[in-house]
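Chemist: Spelled out, the chains give:
Protein chains: 2
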Amino acid sequence: MDMRESIHRMKLEAPAMAASPLEQRNRALELIAQALEANAQSIFAANEKDMASAAEAGVAQTVQKRLRYDEAKLRDGVEGLRQLQELPDPVGRVLLDRELDQGLELRRVTCPIGVIGVIFEARPDALVQISSLCIKSGNCAVLKGGRETANTNRVLFDVIHAAVVKAGLPAGCLLQAELHSQIDELLRCDEDVDLLIPRGSNKFVRYIMDHTKIPVMGHSAGVCHVFVDRDADQDMAVRVLVDAKTQYPAVCNAAETLLVDRPIAAEFLPKAARGLAERGARLRGTQEVVDLLAGEEGIPAVELMTDDEFCTEYGDYVMSCKVVDGVREAVDHINRYGSHHTDAIVTASDDAAEYFMQMVDSAGVYRNCSTRFADGFRYGFGAEVGISTGKLHARGPVGLDGLVTYKYRLVGHGDIVAPYASGEKSFHYRELG
Amino acid sequence: MDMRESIHRMKLEAPAMAASPLEQRNRALELIAQALEANAQSIFAANEKDMASAAEAGVAQTVQKRLRYDEAKLRDGVEGLRQLQELPDPVGRVLLDRELDQGLELRRVTCPIGVIGVIFEARPDALVQISSLCIKSGNCAVLKGGRETANTNRVLFDVIHAAVVKAGLPAGCLLQAELHSQIDELLRCDEDVDLLIPRGSNKFVRYIMDHTKIPVMGHSAGVCHVFVDRDADQDMAVRVLVDAKTQYPAVCNAAETLLVDRPIAAEFLPKAARGLAERGARLRGTQEVVDLLAGEEGIPAVELMTDDEFCTEYGDYVMSCKVVDGVREAVDHINRYGSHHTDAIVTASDDAAEYFMQMVDSAGVYRNCSTRFADGFRYGFGAEVGISTGKLHARGPVGLDGLVTYKYRLVGHGDIVAPYASGEKSFHYRELG
Numbered sequence: 001m002d003m004r005e006s007i008h009r010m011k012l013e014a015p016a017m018a019a020s021p022l023e024q025r026n027r028a029l030e031l032i033a034q035a036l037e038a039n040a041q042s043i044f045a046a047n048e049k050d051m052a053s054a055a056e057a058g059v060a061q062t063v064q065k066r067l068r069y070d071e072a073k074l075r076d077g078v079e080g081l082r083q084l085q086e087l088p089d090p091v092g093r094v095l096l097d098r099e100l101d102q103g104l105e106l107r108r109v110t111c112p113i114g115v116i117g118v119i120f121e122a123r124p125d126a127l128v129q130i131s132s133l134c135i136k137s138g139n140c141a142v143l144k145g146g147r148e149t150a151n152t153n154r155v156l157f158d159v160i161h162a163a164v165v166k167a168g169l170p171a172g173c174l175l176q177a178e179l180h181s182q183i184d185e186l187l188r189c190d191e192d193v194d195l196l197i198p199r200g201s202n203k204f205v206r207y208i209m210d211h212t213k214i215p216v217m218g219h220s221a222g223v224c225h226v227f228v229d230r231d232a233d234q235d236m237a238v239r240v241l242v243d244a245k246t247q248y249p250a251v252c253n254a255a256e257t258l259l260v261d262r263p264i265a266a267e268f269l270p271k272a273a274r275g276l277a278e279r280g281a282r283l284r285g286t287q288e289v290v291d292l293l294a295g296e297e298g299i300p301a302v303e304l305m306t307d308d309e310f311c312t313e314y315g316d317y318v319m320s321c322k323v324v325d326g327v328r329e330a331v332d333h334i335n336r337y338g339s340h341h342t343d344a345i346v347t348a349s350d351d352a353a354e355y356f357m358q359m360v361d362s363a364g365v366y367r368n369c370s371t372r373f374a375d376g377f378r379y380g381f382g383a384e385v386g387i388s389t390g391k392l393h394a395r396g397p398v399g400l401d402g403l404v405t406y407k408y409r410l411v412g413h414g415d416i417v418a419p420y421a422s423g424e425k426s427f428h429y430r431e432l433g
Numbered sequence: 001m002d003m004r005e006s007i008h009r010m011k012l013e014a015p016a017m018a019a020s021p022l023e024q025r026n027r028a029l030e031l032i033a034q035a036l037e038a039n040a041q042s043i044f045a046a047n048e049k050d051m052a053s054a055a056e057a058g059v060a061q062t063v064q065k066r067l068r069y070d071e072a073k074l075r076d077g078v079e080g081l082r083q084l085q086e087l088p089d090p091v092g093r094v095l096l097d098r099e100l101d102q103g104l105e106l107r108r109v110t111c112p113i114g115v116i117g118v119i120f121e122a123r124p125d126a127l128v129q130i131s132s133l134c135i136k137s138g139n140c141a142v143l144k145g146g147r148e149t150a151n152t153n154r155v156l157f158d159v160i161h162a163a164v165v166k167a168g169l170p171a172g173c174l175l176q177a178e179l180h181s182q183i184d185e186l187l188r189c190d191e192d193v194d195l196l197i198p199r200g201s202n203k204f205v206r207y208i209m210d211h212t213k214i215p216v217m218g219h220s221a222g223v224c225h226v227f228v229d230r231d232a233d234q235d236m237a238v239r240v241l242v243d244a245k246t247q248y249p250a251v252c253n254a255a256e257t258l259l260v261d262r263p264i265a266a267e268f269l270p271k272a273a274r275g276l277a278e279r280g281a282r283l284r285g286t287q288e289v290v291d292l293l294a295g296e297e298g299i300p301a302v303e304l305m306t307d308d309e310f311c312t313e314y315g316d317y318v319m320s321c322k323v324v325d326g327v328r329e330a331v332d333h334i335n336r337y338g339s340h341h342t343d344a345i346v347t348a349s350d351d352a353a354e355y356f357m358q359m360v361d362s363a364g365v366y367r368n369c370s371t372r373f374a375d376g377f378r379y380g381f382g383a384e385v386g387i388s389t390g391k392l393h394a395r396g397p398v399g400l401d402g403l404v405t406y407k408y409r410l411v412g413h414g415d416i417v418a419p420y421a422s423g424e425k426s427f428h429y430r431e432l433g
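Read top to bottom, the protein sequences are chains A and B.
Each residue of the first sequence is one higher than the one before, counting from 1 in full-length UniProt numbering.
Each residue of the second sequence is one higher than the one before, counting from 1 in full-length UniProt numbering.
Since the hints were made in silico from the structure, they are not lab data.
Heads up, some of the hints might be wrong.
If several chains are the same, the list does not tell them apart, and a pair holds so long as it fits within one copy or across any two.
Calculated lysine-lysine pairs in the DSS-like style (CA-CA distance at most 30 Å, straight line) [to be verified]:
1. K425 - K65
2. K271 - K49
3. K271 - K425
4. K213 - K271
5. K73 - K213
6. K203 - K213
7. K166 - K203
8. K73 - K425
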C-alpha cells in the first residue's frame, strides 16, 4: 500500500482514535514502557548497526551522541512514559459552558487535532517521545525520523505499534515513513493531514514550509539574544550569558547574539569575552566591539561583522555582539534580527525588564535567566513535540496542549434561529462552567 | 507611500499597540461610537452613492441589502461598540503561573497577534466590527473591503481612524487598502503580516490560501448537514431543517444537505419536502430519494444528483438529500463530503447524539437545533471576525479570543541550565495561579 493510501485510511480512523477513552491511551503508554524494557536487547542491537554505519561514515562525535540509544536513554524513555500517564487528559476539557437561552447549551470542548505528521532528526528517543505525546492526546501520527538511525527507528516503531494494538487502539493510528521520498508524498496529503511538525535544520524546515498546503508548526531558526542592561548585576550577566551560549551551543535555544548597553560596555565586554573564552567561545562584533576589546588579554581576537550577519544562527561556540543605546534599541534590534524564539534581559531595573518583556515579540521573554530554559521538559509539560515561533495555535515549547483543538457542542430542544432574527426572542447568556 | 512600506511601518508600531492600556483601547471604541453618530449624515451620503452605482449595475436586491448602511445598521454598530467596551480584556490574561524551581517563575500570558490583514465582502457594518475587534484585542489591522461599498468604506475608515488617533493609539495601527491590486501586495507581506482573515466566496478564499505564505484563518466552504435519526421527533426535525436551510440560505452556516435515516425515510421525507417547499426550497437527491418522493403532491420535482455533488454549497433554496443507514453512515458521509463547519443531528437518542457529536470532525456539532446558530454574536462573543474551519488556533466563530496569542515570561535571579543538566539541581514545579 502506498503512503497516501495509508494516510487516507489513517484519516478515516482518526475519529475513533479521538474517541478512545483515557484509560486505553494510558494503557497503551504503559504497554509501550513494558515493551521497551522487554525488547531492550533487540533495540540496542539495531542501534549498534546504526552507530557502526555512522562511525564508518565519519559522523562527528557530537552527532553520534544523538544517534545512540542506550540503557540511559531507554530508562529516560520509560520514565517519560510513566510521567505522561500521570498527566491529566488533554482531551474533553470543557473550555466554555454557556446557556445561550433557556435550554440551549453551548460547550467548547477540547478534542484531538486528528492526523499529525512529524518529521524529526535522527534521535531514536524523539520517536518514543513524539509517538507517546500523540497517543496521549488521541491523535494519529505519521512519523518520519532521520535516516541515520533507520535500524533503531524500525525496531522501536514495531515495538511501539504492537503495544498500541495490544491496548486496543486502532492499528492505523501510527504509521512510520522510512524513505526520504515519502516526505514529499506526505507534504501532498493536505486533504488528510491536519498538521505537520518538522524538526531539524533551518533549511529543512523552510523547505517543508514552502512545499505544502498543510499547516506547519515549528521554527526554522533560533536566533536568541541576551541583552545586558546598564542596571545589570554584571557577574550574573556573565553567568547567564555563558550558560546561554555554551551549555549546549547546537540547540535552538542557545543564544547567538550579545547586546550590551553602552554605559557599561567598556566595563562589561572584557568580562563577557573572558567568560566565554573560558568555555571556548569567541565573539564577532561591530567596529565598536572590536575597538572596545582590542588589546584585551586572554581572549580570542574579535572578528568584525556586518549588520546583516546579525540574523546568523551559529549553533557553535561563536557569538555576535553589538553595543546598543539602552533597552529601546535592544528591543528594536531583537524584533528586527531575531527569530521570535527566546530572548533575555539581564537587569536589576523593573522598568527596563517590563519594557523588554512587553515589547519583544518572541515566544519567550526572560529576565535574569538563561535562554536555555526554553524547553517543554523544563517548563513542566512532560515533553515537547517541538518549539513553535509562529503566533497561531501553540507558541514556544509545544506539549500536549498544543496537540488538541476544540469543537463547539450545541444542544437544544428544536431551537431555530428565525425567532431570534425577527426579535421575537433574545439570547439570555448564562455561564454554567 | 506604497502598501508594503506602510505595512512594514505598521509592524514596527505593533508592539506599542500591543502595550496600549485597556482604558485607551476602550476609549477608542467609545470615540468611534460617538464619531459614527456625529458623522452619520456624511456616512449615509457616501452610502447613497454606492447604492446608486449598485442599482445602476443591476446588483440583485438581496445583495443590495448587504451594501446598505442606514440608521438601523449604524445603531447596531454603536450598540456593538458599547458592548465590546464591557467585555474583559483579552490581553494580559495569565494562562499559566508556575514556579519551576525556587525563585524561577514561568507565566504564560496572552498578547495580541500583531498585524492582521482582513479582506472582507462589501458590507460596511463589517468594517466597523472588524476594526473594533482588532482595536479591543490590541492588534494592528490592514482592512480591505469589497469595492461595491468603496465610498462608504472610505468615509467610515476616516471616521474610525480619526477617533483612534484621538484616543492616543498609534496612528499606524489601522490601514485601509482600497485597490484590488493591493490584495496581492498584502499577500506578499509575509515578513510583516502575522495572520490573514479572508471572507467572501469559496473561490476567493481558496485563492488567498493558495497565494500567500501568511497563515490564513477562515473557511472556503460551508457545507453543513442536518441528519434526521430514526429516533427523531419528526416535527422538530422539520422545524430545524427548514430553519437551517431557508432562514438565510446565502450564508455559510445554512444547511446544504439533508441526511435521513432509512427506517423513517418513507415517512419523514414527504414531510421534509413539504416543509421546505412552503419556504420555496426544493430537494435534489439520490435515486432512492427520487423514488420515495415520486408522486408526492405539493412539492417540486426532485432532481437526481450524483454522489460527487454532495460537496456542493448551494447558498440558495436548494438542498441535497440522501438516505443513510443509521448514525454511522451519516457521520461517514459528513466527514467525507462536509466542510467541517457545522453539522446537526435531530434525535431523541442520547447514544446516537453522543456518537454523532464525538465522531463528526467539525467546528460545530449540534443536537436538536439549527446550524444557523453558528455565529459569534449568537455564541455571545460580542462579534466575530469570521468562522474558521481549520483546526489550528481558533475554530468555529472567531471572536476576541481568536485574535490573541501568548508569550512565555520567565523571571529568575541569574538562573542557568547547567546545574539542572548535570543533575546537581532539579525542578520543583509548583502551580502559583
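Chemist: Could you tell me which of the hints above the structure violates, numbers in ascending order?
Modeler: Of the numbered hints, 2, 4, 5 and 7 do not hold.
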